[in-house]
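Produce the entire structure from the sequences given, and follow the hints as far as they go.
Here is what each chain is made of, one letter per residue.
There are 2 protein chains.
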Amino acid sequence: MDAKYQDLPHVVIVGSGFGGLNAARSLAKAPVRVTLVDRHNYHLFVPLLYQVATAGVSPDEIAYPLHAIFRGQKNLEIRLADVGSIDYAGKKLVTSAGDIPYDALILSAGSATNLFGMEAALDHALQLKDLEDAERVRNHILQQVELASQESDAEARCARLTFVIVGGGPTGVEISGALSELVRLVLDRDYHLDPADFKILLVEATGRLLEQFSPFLAGKTESALHKKGVEIRLNAHVTGFDGYNVTLKDGESIPARTLIWAAGVKANPLAGAAGSPTARQGRVKVLPTLQTPEHPEIFAIGDAAYIEQRGQMLPMLAQVAIQGGRHAARNVVRFLAGQPLQPFVYHDPGTLATIGRNQAVAHIAGLDLWGFPAWFVWVVVHIYQLIGHRNRILVMIEWIRDYLFYNSAVLIISKWEDRLDDAQTK
Amino acid sequence: MDAKYQDLPHVVIVGSGFGGLNAARSLAKAPVRVTLVDRHNYHLFVPLLYQVATAGVSPDEIAYPLHAIFRGQKNLEIRLADVGSIDYAGKKLVTSAGDIPYDALILSAGSATNLFGMEAALDHALQLKDLEDAERVRNHILQQVELASQESDAEARCARLTFVIVGGGPTGVEISGALSELVRLVLDRDYHLDPADFKILLVEATGRLLEQFSPFLAGKTESALHKKGVEIRLNAHVTGFDGYNVTLKDGESIPARTLIWAAGVKANPLAGAAGSPTARQGRVKVLPTLQTPEHPEIFAIGDAAYIEQRGQMLPMLAQVAIQGGRHAARNVVRFLAGQPLQPFVYHDPGTLATIGRNQAVAHIAGLDLWGFPAWFVWVVVHIYQLIGHRNRILVMIEWIRDYLFYNSAVLIISKWEDRLDDAQTK
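Line order of the protein sequences matches chains A and B. First residue of the first sequence? That's 1 in the numbering used here, and the numbers climb one at a time after it. First residue of the second sequence? That's 1 in the numbering used here, and the numbers climb one at a time after it.
Hints are computed from structural coordinates only; laboratory data are not their basis. Hints are not guaranteed to be accurate.
Any copy will do: because identical chains look the same in the list, a pair fits if it lies in one copy or spans two.
[Said to hold, decoys possible] The list that follows gives simulated cross-link-like pairs (lysine-lysine, DSBU-like), each with its CA atoms no further than 30 angstroms apart:
id	residue 1	residue 2
1	K285	K29
2	K92	K415
3	K129	K228
4	K415	K74
Quick caveat: nothing in here was measured; it's all calculated off a predicted structure.
In C-alpha cells form, the structure reads like this:
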C-alpha cells in the first residue's frame, strides 16, 4: 500500500466472500485505507461448489486469487490470517498474524454447516462449504463407484452406490441432479453398473422441496428429479450416519457409504463475537444501517447478519451479501465522516436453482420460469458472475464439452481416503 | 470386460505411466486380456509436473482418467490397487485389492525420488514425483512469498524468499527458470518485494548443468538462467535441510525455508521385487527382449528396467518408456504364442529441456537448437503429447494467457501447511 494512505481511517473487512469482496471494491475511491482479512488467498465462487463436488469443474476454476482481484486498488492490503476474536474496547481484531487495529470493522465472515447438535452422530457426513470439502466429496464419490465395480457382494455393492443427500434446498437439489447425471450419463459408460444397484436419495425434513420457490416450481423440480432417478423422501429426518448406515428418526436404517449434508447453515461463529445478541442461525442482529447496536463502528453483512425486511428475515444468498457489502461500504464512509447513515434496502433480483441439463427453476420479476429458459438464464448468470476471464472461459469450455459429449471435466481421484485396503475392511 | 475375453491369456501391467500406458494400448487388438494396475485412476503427464509446482497449469490439466483413455478397449480392465509383491511361483501379483494371477507381467512401475540415504537429513525437502507433491510445492512457494510480505525481520524475510533447488538436470533447470519467472514477473506485481531479498539457488554436484546435452547448450542454459537471476553453484553438495537452513558439504549454511530436491531418481522399489538382480538406480536388469533373465514371463520397461545399448544405459526418459512399452507388448504376444522374441532397439528422437519464456535447449537429429526455435519445438511437442482434447485446449489457454499477460494460472494456496501461526513460530 502507498504511504500516502497510512494516515487515513482504517476499515478492516473480515471475509472475502461476496459481501466482503463487494465492500472492499466499493471502498476503492473512498478516503480510507482498507485491510481485507481472510484465511484463504482466494475468493471462492460458492454457487458452483457443487460442480466441483460432482466433477463438473476444476477447483481452481471457481477460485480467484485475491491479489489479482485487488491488483489495481492502491488503498487496500490483504492479510491472510485466522481471526480469533474482536477486542471492542481496544478496537482491534485479534488474529493468528497479530492484532489488527480498526476504526471501522465490516464483518462478512459467511456461514458454516449447521448439524443442529448432531456433530457426533454425523461424524462421517460429508459437507460442502469450502474447496477442500468439495474435492473430498468428488474423490469420495469416484472412489465409491470404483470400489463398487470391484465388489462381488451385492449388498456391499449397493451400499457403495447409495448416495444420501440431506436437505431439499437449492444445494441439495443441485447435488442430487448433478450426481445423477455424473453416474448415469458419464460413469456408467466406464463401469457398466446395474441401474438397480444404484440409488440417490434426497431427504427433506419438511413437506416439500425448495421452500424459496412457489409450490408449482417445487412440483416441477420434484418431477424433474424423479425422471433422473432421484428418490425423494419428504418429512423425513436423518439422525445419524456411521459411515455404513444412515438412520432416520422413524427408526429406518439405510445401508449407504455416502451422506452429503446440505440441510442447514449457520453464521460463522465469529458473528457471535461481534458483541451483539445473535438471532436465528447465529446471525448477529444489526440495525437497518447494518451497524451492530452496541458498537456503531462494527458492521455486519451477508450470512453473518440478521436483517428483517417487511417482516421477513433476508435469506443467506449471494445477492443479499453483495448488496449488503456495497451498502456497508457507503455507510462506513458516512460513519467515519460523521454524516447520517442510510438504511439498507434489499432489492430481490430473483432466485435460481438448477436441476441438470436443460433444467432449472427461476423466479424473476414475479415470473416463474422452468425447464430450458430457466436453465439458460442460470448458465448466463453464473458465467457472468465468475471473476476473471480465465475462469469464465475455462468453465464455459468445461460446460460445452460436458453438454455435447457427456464428459465430465475432472474424473480424477486426487486423494484416496482410507487408502486402498478399504475394500477389504467393511 | 466382455465375457469372450475371459479365456484368453492374461497380461497384467503394473503402472500407468508412459511405459504401461503404451504397452496397454498396443495390446488392444492382441489375443489377450489385459489388467492395468495402478494406485491412481489417472495417467499423469510427468513432463509438466514442474508447471503445476510453479502455478503454470492446474493439477487436473496434466492428469487424464484411465477409464476415459481405455473406454474403447474391450479386452482391458483397470484395477486400482497398491502392489505389494510378486509371487513368481504362483504367478500372481499380491495387491491391496487381492491377488491378481498373470500369464505374463509387464513391470512399468516408474521411479521414485533418490535421496541417496540422506532421508533423515532431508526430511524437510520437497519432492516432485506426483500430483500431490507438485501441489504441495506450489502451496509452499506461494505461502513463503505471502509470509515474507508480512515479515518485518529482514533475515527471516530473506530466508522465506530463498529457494534452493538441488540438481542441475532438466527438472532442476525447468523449476529454476519457471520459479524465477513466477516470482519476478507475476508475484512481484502483487507483493512489490525487494529484488535484493529474493534468491533462487540451483545447486549441482557435478561441474556442469544438463549432462545429457552438449557443453555448448549447457553454457547457453547457464547464461539464460543467470539472466533470470538464478544463482548456479556447481560442484556443490547439499547434505541437509532442517526447514530453516540448507547445509552444504563444505560446511556452508544457507538460511532458506525451501529446498526442492531434483537431484536424483531411482527405480520404484517394486523393480527389486521382480526376482532378478538390480543394477544402477535400482533398475532391474533385463535381456534385450525386455524379459527378466530368471522369469521369462516377466517383462520390465521404462524407469524400472536397466538396458544397455551401444555400451550406454538407456536414460530414465518418457521416450524410452513409450518405445519400451510398445515393444514389450509385441514381445508378450510372441511369448504367449511360443514365437521367438525380438530385441528392443531404442530410437532417440531427440532431447528437450525448457528454461522459460522463449528459451529452451534441444538436441534433435544431431542438431543443437536453443532460444526461441528450441522453445517453440518444446511447446508444440508437449501440447501434442498431452492426452485428451480438454487438457490440450486448457493448457494452451493457460500458456497463451501466461505468455501474453504474465498471469499465472493457479495462484491458489489450496492448503496452508502448518496453519497460519507459522509466522510467529520460527
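Each hint, compared with the structure:
1. Taking the shortest Cα distances, K285 and K29 sit within 30 angstroms of each other inside one copy (29 angstroms), while across copies they are farther apart (70 angstroms).
2. In this homomeric assembly, K92 and K415 come within 30 angstroms of each other (Cα to Cα) only across copies, at 27 angstroms, whereas the closest approach inside a single copy is 40 angstroms.
3. In this assembly of identical chains, the alpha carbons of K129 and K228 lie at most 30 angstroms apart only when taken from the same copy (25 angstroms versus 41 angstroms across copies).
4. Taking identical chains as interchangeable, the C-alpha atoms of K415 and K74 lie at most 30 angstroms apart only when they sit on different chains, with a minimum of 28 angstroms there against 40 angstroms within one chain.
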